[in-house]
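Use these hints to put chain B onto chain A, whose structure you have.
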Amino acid sequence: MNDILSKAATAAEIARAVLAGKTKAGAVVEAALARIAAAEPAINAFTDIVAERARKRAVEIDAGKRRGPLAGVPFAVKNLIDIEGLPTRAGSKINAEGPTARRDGALVRKLEAAGAVLLGGLNMGEYAYDFTGENVHYGPSRNPHDPTRMTGGSSGGSAAAVAAGEVPLALGSDTNGSIRVPASLCGLFGLKPTYGRLSRAGSFPFVDAFDHLGPMARSAEDLALAFDAMQGWDPDDPACTDRPPEPALPRLHDGIAGLRIAVAGDYFARNGNPECFEAVARVAKVLGVGRTIVVPEAAAARAAAYVITTIEGAELHLPRLRLRPQDFDPDTRGRLMAGALLPGSLYVKAQRFRRRYRARVLALFDEVDIVLAPAAPCTAPRLGQVTMTLGGVEMPVRANLGLFTQPISFIGLPVVAVPAARAGTLPIGVQVIARPFNEAAALRVAAHLERQGVCVSAPA
Amino acid sequence: MAEKAQDIGHLVDEAAKAIGLEIAPQYRDSVILNVERSLAIAQPLLVVDLDDALTPAPVFRP
Numbered sequence: 001m002n003d004i005l006s007k008a009a010t011a012a013e014i015a016r017a018v019l020a021g022k023t024k025a026g027a028v029v030e031a032a033l034a035r036i037a038a039a040e041p042a043i044n045a046f047t048d049i050v051a052e053r054a055r056k057r058a059v060e061i062d063a064g065k066r067r068g069p070l071a072g073v074p075f076a077v078k079n080l081i082d083i084e085g086l087p088t089r090a091g092s093k094i095n096a097e098g099p100t101a102r103r104d105g106a107l108v109r110k111l112e113a114a115g116a117v118l119l120g121g122l123n124m125g126e127y128a129y130d131f132t133g134e135n136v137h138y139g140p141s142r143n144p145h146d147p148t149r150m151t152g153g154s155s156g157g158s159a160a161a162v163a164a165g166e167v168p169l170a171l172g173s174d175t176n177g178s179i180r181v182p183a184s185l186c187g188l189f190g191l192k193p194t195y196g197r198l199s200r201a202g203s204f205p206f207v208d209a210f211d212h213l214g215p216m217a218r219s220a221e222d223l224a225l226a227f228d229a230m231q232g233w234d235p236d237d238p239a240c241t242d243r244p245p246e247p248a249l250p251r252l253h254d255g256i257a258g259l260r261i262a263v264a265g266d267y268f269a270r271n272g273n274p275e276c277f278e279a280v281a282r283v284a285k286v287l288g289v290g291r292t293i294v295v296p297e298a299a300a301a302r303a304a305a306y307v308i309t310t311i312e313g314a315e316l317h318l319p320r321l322r323l324r325p326q327d328f329d330p331d332t333r334g335r336l337m338a339g340a341l342l343p344g345s346l347y348v349k350a351q352r353f354r355r356r357y358r359a360r361v362l363a364l365f366d367e368v369d370i371v372l373a374p375a376a377p378c379t380a381p382r383l384g385q386v387t388m389t390l391g392g393v394e395m396p397v398r399a400n401l402g403l404f405t406q407p408i409s410f411i412g413l414p415v416v417a418v419p420a421a422r423a424g425t426l427p428i429g430v431q432v433i434a435r436p437f438n439e440a441a442a443l444r445v446a447a448h449l450e451r452q453g454v455c456v457s458a459p460a
Numbered sequence: 001m002a003e004k005a006q007d008i009g010h011l012v013d014e015a016a017k018a019i020g021l022e023i024a025p026q027y028r029d030s031v032i033l034n035v036e037r038s039l040a041i042a043q044p045l046l047v048v049d050l051d052d053a054l055t056p057a058p059v060f061r062p
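Going line by line, the protein sequences match chains A and B.
Residue numbering for the first sequence follows the working numbering, beginning at 1 and increasing consecutively.
Residue numbering for the second sequence follows the working numbering, beginning at 1 and increasing consecutively.
Don't read these hints as lab results, they were simulated from the structure.
Ideal placement from N, C-alpha and C gives every residue a C-beta, glycine not left out.
With the C-beta cut set under 8 Å, the calculated list includes, among others, these residues of chain B facing chain A:
| # | residue |
| --- | --- |
| 1 | L11 |
| 2 | A15 |
| 3 | S30 |
| 4 | V31 |
Chain A extracted, bound-state conformation (with noise of 0.2 Å):
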């Protein structure tokens, strides 16, 4: 058991201090706030803090109203969520100048419910169209691990912040890996649900098609107390599903027996670094599983992933790129220019494309229940390196980080990101994948490897 009031406390310890009248939800709050203070000039992971709007729910939760399964769990939410009374950023300078939220986004006001604290909002990667966690307006988010380092993206923040202990839950969003991805280069656990699981009302788009919210955390158990406080239909987003709530926590702990596991081969067992691959073969060795499969046509589903997110995002964002060209950032000026020029049959054979592989991924459900592959190729690029070297092949960083998550959100399947690296070494996170709805089969895999030690987060 940690020190409630120390960066390694989780949000279930943290929680349970709170309900137990152990600790005031204020004293949580305030060292947060500290926590935060002494370390956002090496992290930059904040751009937002709303302290007087935190400590006046920790005084409500302290007067007993508030009580939930999260009472005084501070969290932070990637900017690209709204905070009412703050311009919903998304990362760029754009949006900080447009109008205040007036309203909390739909996984705030439900984490809120639940007696979560809200601490701030978080930096990204600029619209997020972002694996790197760089940032021309505000900053890189820095890698608390290594502050030369990226955090990925486009959830930088979120992870940095969680990474760092300045809070123990963040929420991020992942269009083709942005949890994922930064959750890996950080040592983190990360929930990317099932497309239309969680509402993404209250948050700004990036690509409607695959737009997911989730939560980031230094535990199973915290990802899985955050979901099923998220869960439910929401009307204001039309993905979101009608399907009841299935909560993740009441069988989390009931280990892997009769879940049927296999490894990703082929386009999953190359094209990254060494590291990445071992660690999945470490969590397969703990995992006990031996059996390796294909997931077909991978590589084309990456480029149907890529091709709808430039020309989705480009028309989204067309708007702003004729009247203020020169207030984007100028990576991803460049590629949302380029999306708009693109030609539609690609954005159609893509859309058709996706159907075929969906009917084929989802076969392979019926033989397995969880498939293990790397969540990114590589451990955390050196901040403003521009190209690496995967396979012996050269490659620009940015549009790369997300090889081998972007085939997997395309068709919206959820997934937990967990930290897999060896002790020492810089982190690198596995992709536990579950079939649609299955959240809580990843989430007890996950929560099996924490207890046996292969799946290790604690705060830098």
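Chain B alone, transformed into the frame defined by chain A:
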């Protein structure tokens, strides 16, 4: 390669003109580079054969 780059430059100029997107000269090289990269990344999709009966994935329900 130089000829291909020139072709992409031509595509960028004309397509931008067609949709009324003004690309300042200092941004043009980056846009060309990103179109080249996008087409290269799209290649595994381009070579896929799809059955005529395969409809696009998104379903609009009125």
